[in-house]
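When you get a sec, could you build the whole thing from the sequences and use the hints?
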Amino acid sequence: MSQQEAKGVRNLQSAIREVRIAYAERSDVIAELRDTERARLMLLEEALTGVFDDLPEGTDEFSLTVIPGNPPRFWVDATSFVMLDRDKRTYRFVKDTRLGRTVLAETADVDSVADSVTRYVAERIVERDQALEADWMLHPPNKPAPPAAPRTRSEARGILWGFVGFGLGMVAGIFLLMVYARIMAS
Numbered sequence: 000m001s002q003q004e005a006k007g008v009r010n011l012q013s014a015i016r017e018v019r020i021a022y023a024e025r026s027d028v029i030a031e032l033r034d035t036e037r038a039r040l041m042l043l044e045e046a047l048t049g050v051f052d053d054l055p056e057g058t059d060e061f062s063l064t065v066i067p068g069n070p071p072r073f074w075v076d077a078t079s080f081v082m083l084d085r086d087k088r089t090y091r092f093v094k095d096t097r098l099g100r101t102v103l104a105e106t107a108d109v110d111s112v113a114d115s116v117t118r119y120v121a122e123r124i125v126e127r128d129q130a131l132e133a134d135w136m137l138h139p140p141n142k143p144a145p146p147a148a149p150r151t152r153s154e155a156r157g158i159l160w161g162f163v164g165f166g167l168g169m170v171a172g173i174f175l176l177m178v179y180a181r182i183m184a185s
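Position 51 of the sequence shown, counted from 1, bears residue number 50 in numbering that gives the first Met the number 0, the numbering being contiguous throughout.
Treat the hints with care, since some could be wrong.
To be verified - DEER-style ranges, computed between Cβ atoms:
1. P140 - T78: 46 to 54 Å
2. D134 - D76: 14 to 22 Å
3. R127 - L98: 46 to 54 Å
4. M183 - N69: 49 to 57 Å
5. M41 - L98: 29 to 37 Å
6. E44 - P149: 57 to 65 Å
Bear in mind the hints are in silico, worked out from the structure with no lab data behind them.
Where a beta carbon is used, it is the ideal one built from N, C-alpha and C, also for glycine.
Shown next, in the form of structure tokens:
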């Protein structure tokens, strides 16, 4: 023990050293937690490898990959992802909507969350196929477009007055610019 420590005098250098050690230990713990989160999400990614292989050709709206970050997330598509809860054991499958974040599934079992993600992907694929089919029904490729209906007299007047209004607005704008230029010049 040095004389300063025996007298109770504080040493700033040793206090700084102790604080740096504490920060380093805390940083190591945080890094380990991030690595743990990423490893658990990688387990989910491995559990879904069969789903990746079964995606139909041309389906590119699903990313199905772990993206590092704080916190790391397993992105399913542009609005839904899986992340770990605060306890770092519970998987939380969420979807961001206009009305806020919605929890689609929450479980500690990787197989259960993998089943939820698989079901979600299947639902999105079916919805996409139905939307494409509805679009095709409305606009089949070999059906000619219906002829344009002749304009009624009131529609023609509305269009004419629209052009007249636009022309008057242009004339008024030019006039105001000329007045402004003359005022600024004097």
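Here's how the hints hold up against the structure:
1. For P140 and T78, the Cβ-Cβ distance of about 31 Å falls outside the hinted range of 46 to 54 Å, so the restraint is violated.
2. Judged by the Cβ atoms, the range 14 to 22 Å given for D134 and D76 holds: they are separated by roughly 20 Å.
3. A hinted range of 46 to 54 Å for the beta carbons of R127 and L98 is inconsistent with their spacing of about 22 Å.
4. Look at M183 against N69: about 56 Å separates their beta carbons, and that is inside 49 to 57 Å.
5. Checked against the hint of 29 to 37 Å, the pair M41 and L98 passes, with Cβ atoms roughly 31 Å apart.
6. Checked against the given bound of 57 to 65 Å, the beta carbons of E44 and P149, roughly 60 Å apart, stay inside it.
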